[in-house]
Amino acid sequence: MRRALVILVLAAIPVGCSAPEQATRDFDEGPVKVGLLAPTSGTVAASGTDMLHGWELWWKLHGTEVAGRRIETIHEDTAGDPTTALTKARRIVDQEGAKILAGPLLANEGYALAGYVKETADLVALNPVSSSDDLSQRKRVETYVRAGGWQSSTPNHPAGDWAAEQGWKKVATLCNDYAFGYESCAGFVNTFTDHGGEVVKQLYAPLGTSDYSSYLAQIDADEVDGVFVETVGADSPRFLQAWNSLGLKGEVPLIGNETMVDQSTLRTVKGDAPLGLMSFGHFAEGRESPATQEFVREFKAAYGQLPSYYACATYTAAQWLTEALERTNGRIADTRQLLAALDGVKLDDSCFGPMRLDEYGGTIANAYLRKVVRGPDGALVNEVQRTYEDVSQFWHYDPEAFLEQPVYSRSDQGTDWPADCGAYAKECPLP
Amino acid sequence: MTASRVKWAGLAVVLLLAAYLPYMVGPFYISLATQALFFGLFALSINLISGFGGMITLGHAGLMGVAGYGLAILSVNEGWGLAAAIVGALVATVLVSAFFALLVVRTRGTYFVMVTLAEGMVIWGIALRWSELTGGENGIPGVPKPDFADAYWQFYYLVLVVVAVCTVLIALLVRSPFGLGLKGVRDAEDRLAPLGYNAAVHKLIAFTISGFFAGVAGLLLAMYNSFIGPSDVFFLASAEGLLMSILGGIGTVSGAFAGAAVVVIVTNWVSTYVDRWQTLLGVVFVLVVLFAPDGIAGAWQRHVWEPLKRRLGRGAPAPAPAAATETRPREEVRS
Amino acid sequence: MSTEEFQLQLLNGVTFGALLFLVASGFTLIFGLMRIVNLAQGSLYLLGGYVGLSTVRATGSFWLALLAGAAAVGLAGLIVERGLLRTVRGKPMSEILLTVGLSFIVADLALATWGGDPVTLEAPPGLDTSTGVFGITYPTFRLAVLALGAIVAIGLWYLLERTRVGAMVRAGVDDRETAAALGINVGAVFTGVFVLGALLAGLAGVVGGAYLSLFPGADAEILTYSLVVVVLGGLGSLRGAIAGSLLVALIYTFGQSLVPDLAYFVLFAPMALILIFRPQGLFGRAG
Numbered sequence: 001m002r003r004a005l006v007i008l009v010l011a012a013i014p015v016g017c018s019a020p021e022q023a024t025r026d027f028d029e030g031p032v033k034v035g036l037l038a039p040t041s042g043t044v045a046a047s048g049t050d051m052l053h054g055w056e057l058w059w060k061l062h063g064t065e066v067a068g069r070r071i072e073t074i075h076e077d078t079a080g081d082p083t084t085a086l087t088k089a090r091r092i093v094d095q096e097g098a099k100i101l102a103g104p105l106l107a108n109e110g111y112a113l114a115g116y117v118k119e120t121a122d123l124v125a126l127n128p129v130s131s132s133d134d135l136s137q138r139k140r141v142e143t144y145v146r147a148g149g150w151q152s153s154t155p156n157h158p159a160g161d162w163a164a165e166q167g168w169k170k171v172a173t174l175c176n177d178y179a180f181g182y183e184s185c186a187g188f189v190n191t192f193t194d195h196g197g198e199v200v201k202q203l204y205a206p207l208g209t210s211d212y213s214s215y216l217a218q219i220d221a222d223e224v225d226g227v228f229v230e231t232v233g234a235d236s237p238r239f240l241q242a243w244n245s246l247g248l249k250g251e252v253p254l255i256g257n258e259t260m261v262d263q264s265t266l267r268t269v270k271g272d273a274p275l276g277l278m279s280f281g282h283f284a285e286g287r288e289s290p291a292t293q294e295f296v297r298e299f300k301a302a303y304g305q306l307p308s309y310y311a312c313a314t315y316t317a318a319q320w321l322t323e324a325l326e327r328t329n330g331r332i333a334d335t336r337q338l339l340a341a342l343d344g345v346k347l348d349d350s351c352f353g354p355m356r357l358d359e360y361g362g363t364i365a366n367a368y369l370r371k372v373v374r375g376p377d378g379a380l381v382n383e384v385q386r387t388y389e390d391v392s393q394f395w396h397y398d399p400e401a402f403l404e405q406p407v408y409s410r411s412d413q414g415t416d417w418p419a420d421c422g423a424y425a426k427e428c429p430l431p
Numbered sequence: 001m002t003a004s005r006v007k008w009a010g011l012a013v014v015l016l017l018a019a020y021l022p023y024m025v026g027p028f029y030i031s032l033a034t035q036a037l038f039f040g041l042f043a044l045s046i047n048l049i050s051g052f053g054g055m056i057t058l059g060h061a062g063l064m065g066v067a068g069y070g071l072a073i074l075s076v077n078e079g080w081g082l083a084a085a086i087v088g089a090l091v092a093t094v095l096v097s098a099f100f101a102l103l104v105v106r107t108r109g110t111y112f113v114m115v116t117l118a119e120g121m122v123i124w125g126i127a128l129r130w131s132e133l134t135g136g137e138n139g140i141p142g143v144p145k146p147d148f149a150d151a152y153w154q155f156y157y158l159v160l161v162v163v164a165v166c167t168v169l170i171a172l173l174v175r176s177p178f179g180l181g182l183k184g185v186r187d188a189e190d191r192l193a194p195l196g197y198n199a200a201v202h203k204l205i206a207f208t209i210s211g212f213f214a215g216v217a218g219l220l221l222a223m224y225n226s227f228i229g230p231s232d233v234f235f236l237a238s239a240e241g242l243l244m245s246i247l248g249g250i251g252t253v254s255g256a257f258a259g260a261a262v263v264v265i266v267t268n269w270v271s272t273y274v275d276r277w278q279t280l281l282g283v284v285f286v287l288v289v290l291f292a293p294d295g296i297a298g299a300w301q302r303h304v305w306e307p308l309k310r311r312l313g314r315g316a317p318a319p320a321p322a323a324a325t326e327t328r329p330r331e332e333v334r335s
Numbered sequence: 001m002s003t004e005e006f007q008l009q010l011l012n013g014v015t016f017g018a019l020l021f022l023v024a025s026g027f028t029l030i031f032g033l034m035r036i037v038n039l040a041q042g043s044l045y046l047l048g049g050y051v052g053l054s055t056v057r058a059t060g061s062f063w064l065a066l067l068a069g070a071a072a073v074g075l076a077g078l079i080v081e082r083g084l085l086r087t088v089r090g091k092p093m094s095e096i097l098l099t100v101g102l103s104f105i106v107a108d109l110a111l112a113t114w115g116g117d118p119v120t121l122e123a124p125p126g127l128d129t130s131t132g133v134f135g136i137t138y139p140t141f142r143l144a145v146l147a148l149g150a151i152v153a154i155g156l157w158y159l160l161e162r163t164r165v166g167a168m169v170r171a172g173v174d175d176r177e178t179a180a181a182l183g184i185n186v187g188a189v190f191t192g193v194f195v196l197g198a199l200l201a202g203l204a205g206v207v208g209g210a211y212l213s214l215f216p217g218a219d220a221e222i223l224t225y226s227l228v229v230v231v232l233g234g235l236g237s238l239r240g241a242i243a244g245s246l247l248v249a250l251i252y253t254f255g256q257s258l259v260p261d262l263a264y265f266v267l268f269a270p271m272a273l274i275l276i277f278r279p280q281g282l283f284g285r286a287g
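Protein chains in written order, with this note's numbering: chain A, 1 to 431; chain B, 1 to 335; chain C, 1 to 287.
It is possible that some hints are incorrect.
[Unchecked claim] List time: in silico SDA-like cross-link candidates among lysine to any residue, alpha-carbon distance up to 20 Å:
{"hint": "1", "chain 1": "A", "residue 1": "Lys139", "chain 2": "B", "residue 2": "Gly79"}
{"hint": "2", "chain 1": "C", "residue 1": "Lys91", "chain 2": "B", "residue 2": "Gly184"}
{"hint": "3", "chain 1": "A", "residue 1": "Lys270", "chain 2": "C", "residue 2": "Gly126"}
{"hint": "4", "chain 1": "A", "residue 1": "Lys270", "chain 2": "C", "residue 2": "Ser61"}
{"hint": "5", "chain 1": "C", "residue 1": "Lys91", "chain 2": "B", "residue 2": "Val284"}
{"hint": "6", "chain 1": "A", "residue 1": "Lys118", "chain 2": "B", "residue 2": "Asp147"}
{"hint": "7", "chain 1": "A", "residue 1": "Lys270", "chain 2": "C", "residue 2": "Trp63"}
{"hint": "8", "chain 1": "A", "residue 1": "Lys201", "chain 2": "C", "residue 2": "Phe254"}
{"hint": "9", "chain 1": "A", "residue 1": "Lys201", "chain 2": "C", "residue 2": "Ser61"}
{"hint": "10", "chain 1": "A", "residue 1": "Lys249", "chain 2": "C", "residue 2": "Thr131"}
{"hint": "11", "chain 1": "A", "residue 1": "Lys118", "chain 2": "B", "residue 2": "Val76"}
The hints are simulated quantities; they were obtained by calculation from the structure and are not laboratory data.
Please read these numbers as outputs of a predicted model, since none were measured by experiment.
Using the sequences and the hints given, assemble the complete structure.
This is how it looks when you write it as structure tokens:
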């Protein structure tokens, strides 16, 4: 037995001395493989399925041939879990030989994937959904591109200005108790307080709150001129239900973020409860532009329901990739070249609207004030009330001044940011 | 050619295979193997008290999480060096395990299960709500790996060595007088006191040690993902750990790894080809419960190993399937 | 906290408690009598809710949905108990594993059948209004849930305390072997209790589908609450289920508004304390 151990140890010595050989791949041969990481099981399954459908729809309508190459999509279900997302990403890259990934959905999945993308050579990823602000600010990963993407706080910056315009002086906010919630609320709070507004109360409800009425009970209708709310996923219908049944509807003006009244919520609600709700977002399925309307029409025809922003995001990511590949003549092996092409894409129009990237990798696109109305065929739809053009992640701030501040968090909602015009890059919006 | 020689030869083959694996297959399979290894250690830590000790636990992912979060908070948020953060995380895990053990040591059977489930969920609740400390829903990204284990294959070797060492320690513990005392607690707790054994102390120590090893697994998990989040400590993670150990064969050492390997493969590989893989996982478990309660290791023992031993002239006549781990305790609660 | 807010939170707590009682009562009965930690209780709740949803979509009647949800899940409970749990009776690990495996299967099949979008059932017309209660506007539906909880509580109490069947159940909870020795068909009683527990879960699912909403993950959520309820209240005790449900609901509701960061701590800490000082729960039996 002892002899066996000795032999064993001797045999194992060469192990670990040199790196295993890796098969080299020629990425300019054969189809362009793209790994799509979208959760189609678990709590965010509905939105993940929209991501899949949006992506598929583009290729269905435009064909999978781009600049002489065929696009081959490999979809993997991340189940909304970062560990699974990572393993699936590895599988697609190692087993299938993909050079491009797209997705995922949740912020924590996004961070986990960003880490993997950063440490892997010859890998580029598209990020149409995961909206953590810092991914294009202080924690940027160059090879993780916001193609058709957004930042959580961006559409809510104009909301603060709008609220001040309405004459609101005091507000309460209710957001989910995690990064997406903090960033959404902070976008609004930052600009609202710049105009001298006061945030009387900030409530945070954990993701998956069963009963919003205990939070709403803490809002005194007499004390505030308006309420800003962010909810997402399964929480949105529950919040809306509590809002209506506690008699606050009509008592206090409410503005929401994108996902409070996104189609993933609207299409499940029966009755008139969401009618008339105002919100801010970068997508409006009721937007009267051919690009948006064609997308909405085709999506409805193919999948039997109206598209949420998740679907538009991946649809636009596909559009983005197409444009980039046309610039590189279908070549992807040269990572620098591919990245330059992706960063340089400028869409004149898309289901979102015009879109391009700033030099920090953040999006510059429209933001919309939307209102829920009943569309011609009876379905609830977000219609555009007002368009804010060329909205960047820094709003009116000077990017350097913006980045000097810490990222929006629960303790830093932007209430103390400098409010003098010196901090602003463009026209100072302050009174 | 004795049975003992065959066993050692088999072990040697497995170890050599594990050592040469990165030179045989690509990074994806190595990532599966890495997961099977540290989840196997997690399942083994559960086995320590559930299999050898007879106390079913549904909260062990919480202990795994204390270590993972400890590492993340100390290294990422507080800026400690990696070695110091690891030590700090493990100390925290041992303390929490001991505290939980104290709460639980006077209970048995189904109550034990409930309490451990609750304990696991408290940790989950803290991870989820105390966002200043734990990052809340988003978790804590950026957990570092040791410099010498940066590449995927280097990390695999690190995990292999750590898990191998822990497994040897646990195997020794199980065969020691302490381990025998633990089995005594499992099989006939009431009869131990007159023999001079303090059952409560045994349980306490066993639970704490088990928590330590769950913590080691948690460190490896956090480093592997460069991330830790609340879903890593949710009770489903604990349930999966328990299922891994039962699937593999509760009360065995090799079973933990076999069970972990199956679950990892189904979750990461089969799921590519089968949409309803979670149903598949559920069905597999139900089938194992109904038809093979000893798990894979038990089935191996009965259908492969015993006949082989008999062939080599050292085995006993074919035994009935083992049911020693399934005795229902008579009393539920004792104060 | 203003008086108005306090009253509102109190109402919230009490009505949420009624919903929890519907799920937890079944859980505690099964737990108390059969010593089975039915970890599939949450999935049964979800299944009931979804069946109710389909019924409403097909017939437009909420009342029919209640019946359908309860009946469907009761039937599922019968099949599970008779077909599967019986075969592993007396082996706690196997029972738990079985219920966990079932919960995986039910949850995934529900996702496949009804999709992952969160859905809310519509309160039946007549109940979808708001009522004035103590000077606050409060949804009528929730008050109806409160009433339902009370009715079920009284019904169960009557069943357990005043009927022969109930006496058999209580005998089985107290001492299984002696009950069997006295000629009580313990097997049939077990099946009956399991089916009743499942039925209650299914009913709760339909109600919960209107009160909260249904989505993948609602099962784990409600299971967690049931667990705390049962530990606090004591296993196998109806009074315990009532007390536990109210306690948990009130702690959760007030905890959310007073100490949101520590909300879960506030919920689980009393459970930990009970386990240290009175492990059998408030109304459970020792030994």
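Going down the list of hints, with the structure as the test:
1. The straight-line distance between the Cα atoms of A/Lys139 and B/Gly79 is roughly 17 Å, inside the 20 Å bound, and the hint therefore holds.
2. Between C/Lys91 and B/Gly184 the CA atoms are separated by roughly 18 Å; this keeps the pair inside 20 Å, and the hint holds.
3. With a C-alpha separation of about 16 Å, the suggested pair A/Lys270 and C/Gly126 falls inside the 20 Å cut-off, and the hint holds.
4. Restraint check: the Cα-Cα separation between A/Lys270 and C/Ser61 comes to about 15 Å, which is no more than 20 Å; the hinted pair holds.
5. Pair hint C/Lys91 plus B/Val284 holds up; C-alpha atoms about 18 Å apart against a cutoff of 20 Å.
6. For the proposed pair A/Lys118 and B/Asp147, the alpha carbon gap of about 16 Å is at most 20 Å, so the pair holds.
7. Of the supplied pair hints, the one linking A/Lys270 and C/Trp63 holds, its CA atoms being roughly 18 Å apart against a limit of 20 Å.
8. At roughly 17 Å between alpha-carbon atoms, A/Lys201 and C/Phe254 fall within 20 Å of each other, so this suggested pair holds.
9. Distance check on the hinted pair: A/Lys201 and C/Ser61 sit about 41 Å apart at the alpha-carbon level, beyond 20 Å; violated.
10. A C-alpha spacing of about 15 Å is found between A/Lys249 and C/Thr131, which places the hinted pair at or below 20 Å, so the restraint holds.
11. Restraint check for A/Lys118 and B/Val76: satisfied, since their Cα atoms lie roughly 18 Å apart, inside the 20 Å limit.
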